[in-house]
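Number of protein chains: 2
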Amino acid sequence: MDGAHKPMVVVIGGGFGGLATVKALGRAPVEVTLIDRQNHHLFQPLLYQVATAGLSATNIAWPIRSLLRSQRNARVLMAEVRSVDPIKRVIFHDHGFLAYDHLVLATGVTHSYFGHDHWEPFAPGLKTLQDAAEIRSRVLSAFEQAEATPNPLERRRLLSIVIVGGGPTGVELAGSIAELARRTLARDFRKIDPADARIVLIEAEDHLLASFDPGLREYARRTLVRLGVEVQNGVRVNDVRVDGVETSSGFIPSRTVLWAAGVRATPAGEWLGADVDRMGRLVVDDHCRVPRLDNVYAIGDLAHFIGSDGKPLPGVAQVAMQQGAYVGRQIADSVTGESATARFVYKNLGNMATIGRRAAVAEFGHARFAGFPAWLVWLFVHLMSLVAFRSRVTALVEWVAAYVTYERGARVISARDETADRESATRPTPKPPTRT
Amino acid sequence: MDGAHKPMVVVIGGGFGGLATVKALGRAPVEVTLIDRQNHHLFQPLLYQVATAGLSATNIAWPIRSLLRSQRNARVLMAEVRSVDPIKRVIFHDHGFLAYDHLVLATGVTHSYFGHDHWEPFAPGLKTLQDAAEIRSRVLSAFEQAEATPNPLERRRLLSIVIVGGGPTGVELAGSIAELARRTLARDFRKIDPADARIVLIEAEDHLLASFDPGLREYARRTLVRLGVEVQNGVRVNDVRVDGVETSSGFIPSRTVLWAAGVRATPAGEWLGADVDRMGRLVVDDHCRVPRLDNVYAIGDLAHFIGSDGKPLPGVAQVAMQQGAYVGRQIADSVTGESATARFVYKNLGNMATIGRRAAVAEFGHARFAGFPAWLVWLFVHLMSLVAFRSRVTALVEWVAAYVTYERGARVISARDETADRESATRPTPKPPTRT
Chain Y
102 MDGAHKPMVV VIGGGFGGLA TVKALGRAPV EVTLIDRQNH HLFQPLLYQV ATAGLSATNI
162 AWPIRSLLRS QRNARVLMAE VRSVDPIKRV IFHDHGFLAY DHLVLATGVT HSYFGHDHWE
222 PFAPGLKTLQ DAAEIRSRVL SAFEQAEATP NPLERRRLLS IVIVGGGPTG VELAGSIAEL
282 ARRTLARDFR KIDPADARIV LIEAEDHLLA SFDPGLREYA RRTLVRLGVE VQNGVRVNDV
342 RVDGVETSSG FIPSRTVLWA AGVRATPAGE WLGADVDRMG RLVVDDHCRV PRLDNVYAIG
402 DLAHFIGSDG KPLPGVAQVA MQQGAYVGRQ IADSVTGESA TARFVYKNLG NMATIGRRAA
462 VAEFGHARFA GFPAWLVWLF VHLMSLVAFR SRVTALVEWV AAYVTYERGA RVISARDETA
522 DRESATRPTP KPPTRT
Chain V
102 MDGAHKPMVV VIGGGFGGLA TVKALGRAPV EVTLIDRQNH HLFQPLLYQV ATAGLSATNI
162 AWPIRSLLRS QRNARVLMAE VRSVDPIKRV IFHDHGFLAY DHLVLATGVT HSYFGHDHWE
222 PFAPGLKTLQ DAAEIRSRVL SAFEQAEATP NPLERRRLLS IVIVGGGPTG VELAGSIAEL
282 ARRTLARDFR KIDPADARIV LIEAEDHLLA SFDPGLREYA RRTLVRLGVE VQNGVRVNDV
342 RVDGVETSSG FIPSRTVLWA AGVRATPAGE WLGADVDRMG RLVVDDHCRV PRLDNVYAIG
402 DLAHFIGSDG KPLPGVAQVA MQQGAYVGRQ IADSVTGESA TARFVYKNLG NMATIGRRAA
462 VAEFGHARFA GFPAWLVWLF VHLMSLVAFR SRVTALVEWV AAYVTYERGA RVISARDETA
522 DRESATRPTP KPPTRT
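Residue numbers (the working numbering), protein chains in the order written: chain Y, 102 to 537; chain V, 102 to 537.
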């Protein structure tokens, strides 16, 4: 309300990177607008638990407005960005437009089917709450339909779940679905035994969890096998169809295929016409700036940033958070006229993945953990990181209850059952019975 | 697995009535199949809280399989019934068919637009979890869009929410949305003040809550007005459009209209070709039997049962539960050869409705309560009734937290925003800015 024009900072994307940027600008003499097309920040590391009915959507999502309520220089806009004019410094969105002085792009990534986008209807990926609801609905519906079908071949197909991609998301999904089938659902059906479900994890490389230490990779593989997951390494997917997956080592009949194999950047690169890498990520300099554009930054999964080992930084939450905090400080310093020349240096705090409900692998510097201790560390770190206090408490309640009872509170199919629609063409019509 | 043929009982519908039927057959020498097209039982009396972001879907829904896990003579089938042949005693569903000896229909009701089904896209009703997610998404998105739009007339339209129907559902929705706007969202926006929202409750009759005592009706009306709800009694809806509601007393511009005005029975009457009333409910005799058909019962909201006062019993949970338990016992008795001739007698245990977060009206016999004591009774009865222990605990955690903080944990928009799609045709394209 004062006469001076305050610089306008626009942050696109309310994930870990975007939120960290806004918070780092908390005391800066700027006006910040955070734009996201969803109204919520999502704690993505636990999204696989929503997809496998361990947690509710609302345990890991929180309205962005609540998170930024007390930051008076920040406003939130739920809108979808259509394009950016980096010369006039204007963003166009579905409700209008917005001028900026500094722009931070933090729109993240989406699934990539490596040029086979027609696989998507048969193999959904896991990035949003909608994705998680869809996967949960498909997995739970597969068991329901297997119980209902009189056809043994179709029953087998329904009880086969294929996960494509052996990174952390694929490993976590496979472990969690195996436990769902072998424990949670075990006593619920009469005609089928969910424990008979075939759960296949396909990875094109020779090992799972490529970014981890070889010993931990092997531990993860063994643990998954013990949970009843069929791990297929060095196997490539050639086709995904409504009735299964064609791989380099044969056809796997399945009605439920989940995609955790690849990502590509959201189209922010196209908005700017700037240089992108093979995955569509914006190539940035060592200050997270988009070269040749003034005051435009890209951070997190969206950014191709060369780390100290000469390779791009991985697409993990801590990179996004550190870059967000860094860019926020950079902008604050430039606005207040301080010299701000230090380049961004990534500090790797550790690397973790869970396998089922009491095992995990973790690396911190040169230390490596596996098994139950790693799982406890994983649990602690994730609970402490959940942004909002209430999410933490209710997520903890759900977890403790699930741990004690093997129940899963979120086991409700509420998405529209598109699997059923998709298949109705192939399902035979019931024949009238003869009864005397 | 024994040689003797056990009578097959098929129950269609896993609501209060269907579940009570199955449970009453727990010790009977029969095979029970419960068919539902959803995998969950829904605690409908609290559905309005899911629609207004007070509770998560999973707080009030529970997999039917879990509820019946320990009942060995019961199986659950998730399927959609297509037709019934009452002569051959066969049910056809989307996965095949099923023979029965005894059939219990408990499929409930859906919304009725009194012949104006084209209003439905603009005025969703509240019967399922999907409905609740849709309403939550529309209400929360309306505030988001109001914050985003530059057009003051459109902003006003977005900040107007109309609820049609002054029964318990309409009253509970209106009170809960008023509190959402005036308290929960109050500090979250920068351009709009959610407390300015216009919340209109329209009822064609001269008073709200027709089934309650006049003193309690008046208390409910006064409490709603104090919460900031505009109560319009004796007003009829003539048309519902994308931009508002045409009523007998004028046009109300609004982007969010909710329908709580009428119900009609699900099509079980059509399956049987039996007598139905004006609402499509199956007319049953004083044993809940469908006349002229052998071993076919209809219960709960689906049934038109004449009570001791000569009027049909109301569509409430207690009628359904009592009828379900009665029919289950009837079938058990007839199977074991006991004489079972007592007609069904409804015992009214009381009548309640909440208005916001600390007021309610309640009647028990001749006793009448209003205000905070009634709300405490309401809370106690509903918590104790929630079928599963875990739902109760987590719902209680959410409520206590919401009560203390005015926060609402479930404030996440995850349904696809159909409102936005619906409106995109009418929204002007942003014009390019001029910037010097």
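These aren't lab readings, by the way, just hints derived from the structure by calculation. A hint or two may mislead.
It does not matter which identical chain is used: a pair holds within one copy or between any two.
To be verified - In silico lysine to any residue, SDA-like type, Cα no more than 25 Å apart, as pairs:
(1) LYS228 with ILE293
(2) LYS292 with LEU477
(3) LYS292 with ASP386
(4) LYS189 with ASN252
(5) LYS228 with HIS212
(6) LYS228 with VAL377
(7) LYS448 with GLN333
(8) LYS124 with PHE470
(9) LYS292 with ASP395
(10) LYS412 with HIS194
(11) LYS292 with ASP195
(12) LYS448 with PRO315
(13) LYS292 with ARG170
(14) LYS124 with LEU168
(15) LYS189 with ASN339
(16) LYS189 with PHE470
(17) LYS189 with SER312
Quiz item: So which of the earlier hints does this model not fit?
Solution: 1, 2, 3, 7, 8, 9, 10, 15, 16, 17
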